[in-house]
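**Q** Input sequences plus hints: build the corresponding full structure.
If you're matching them up, the sequences are chains A and B in order. Residues in the first sequence are numbered consecutively from 1, following our numbering. Residues in the second sequence are numbered consecutively from 251, following our numbering.
The reader is advised that the hints may include incorrect statements.
[Unchecked claim] Capping the alpha-carbon separation at 25 Å, the derived lysine to aspartate or glutamate pairs in DMTMM-like fashion look like this: (1) K54/A - E385/B; (2) K301/B - D143/A; (3) K93/A - D336/B; (4) K311/B - D90/A; (5) K447/B - D336/B.
Hints in this document: simulated from the structure, not taken from any laboratory.
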Amino acid sequence: MAEENKVKLHGMWASPYVKRVEIALKIKGIPYELVEEDLVNKSQLLLQYNPVHKKVPVLIHNGKSICESLVILEYIDETWKNGPPLLPQDPYKRAKVRFWTSFVEKELLENVLLVVRSEGEAQEKAIKVVFEKLNLLEEGLKDLFQGETHHIDGENMGILDIFLCSLFGAHKAQEEVLGVKFIDPEKFPLLSSWLTASTEVAVVKALQPSHEKLVMVYQFLRQKALQPSAAEVEVKEGVYVSSLSRSSAF
Amino acid sequence: MEEVKLIGTWPSPFSYRVIWALKLKGIPYEYIEEDLSNKSPMLLQHNPLHKKIPVLVHGGKPICESAVILQYIEDMWPQNPLLPNDPHERAVARFWVQFAENKVPCIWRLFRTTGGEEQEKAKKESMEMLRALEEHGLRDKNFFGGDKIGIADLAFGQVAHWLEMIEDLVGVKLIEAHTFPHLHAWTKNFKQVPTIKENLPDYGEMLMYFKRARDNFLASRGPGM
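**A** What follows is the structure, encoded as structure tokens:
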């Protein structure tokens, strides 16, 4: 492949934002080079390619950078039309998908992070908010799917599936560290079956870090918020958890 | 073409984003002014989740969230495009729309301050945000969209017109010609574009409305804050 056509992704293994982009690239069958960033010691390239936010993920294509995971996903969808579409064709359906993706990002993710970073009464309150948001999402999905069953497989994953997956793919680790099961199948049957289908997709499974690593990430984030002085976790072989220490949400 | 309705409020920059997009593309629509202190059944039916404006209703189907509405308008009516053709440039435009969503709200935090550490923090965040627009967003272009306005310019409309009102009410000056030369010029140029110029809330009326809103907010917060 000519140098300029090469696709590079600057990322970090624990980042769910980076995961979204990797899933999209793999679904579309786009070969790419992953550049693992040490977020404590950000590379010159990263600072050059994302001067505004200095964050991962950053996609490099034809020598130009694209930042922000949702923007990258839309770019991928528009540039590589051969693979399965990440967004529906119909403008109204596209609007609904964009609306709910924004909801997952702004209202669900923010509150899940709040649960991670709090304890006691504050945490109970945050958990309650997450359940309220999940309720709204469950209702929203009923409207979005309109009675049709939403099939997910390697051929049919869209941006909303990807965003949801990047948040709740680590649900087992979340359960272990936080002691709460967010996507309860009895409370949220649609979300639950959707999540199960998403996380079973071969591409998603292959990209998922091990349960142990995910537990470590969540423990670290929690410890960092609750006991900042004790936040330096031992660096295990090949696991750069300490690089999480100076990054806010990666 | 199916009927287009816009539910909005006259002081809201988010309402105006949609008005500008519709007018730039020459799409006829019915405007419905909402009273947010007494929300209409129509609003509650079309935006049950957030109960906020703007809401675009096209052929009876609602679309909520101004950034989502702008993309919908662009997808639905490709004439006079708000996004460039080139995929990378489109990504850049979308990046700035997202920046507007995530970072510009700091000016409204500034709006709610009276002084002290809270105001200093909000002012600092606002200046950083404006610096990013000046140095990375606009650089030496006339508009965020290049030679003509695009989706990012519409998203930053708050900075062109509503920020001046915030500066007046809070008593701080953020955008000056010598500190932010390109951005300062942009605020003038943006408002000279005929469609924008003809569709802006009257500055005096806006000032009065937001002064009242700010006074009410500060009074409800109570003393010692």
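**Q** Would you mind confirming whether the straight-line C-alpha gap from K93/A to D336/B stays at or under 25 Å?
**A** 24 Å, holds
**Q** Can the restraint linking K447/B and D336/B be considered satisfied, given a maximum Cα separation of 25 Å?
**A** 28 Å, violated
**Q** Within a Cα-Cα threshold of 25 Å, do K54/A and E385/B meet the stated pairing?
**A** Holds: K54/A and E385/B sit about 15 Å apart, inside 25 Å.
**Q** Is the straight-line distance between the alpha-carbon of K301/B and that of D143/A 25 Å or less?
**A** Given pair K301/B, D143/A holds - Cα atoms ~17 Å apart, limit 25 Å.
**Q** Has the given pair, K311/B with D90/A, been kept, meaning a C-alpha gap of at most 25 Å?
**A** Holds, at roughly 13 Å.
Of the numbered hints given earlier, the model fails hint 5 alone.
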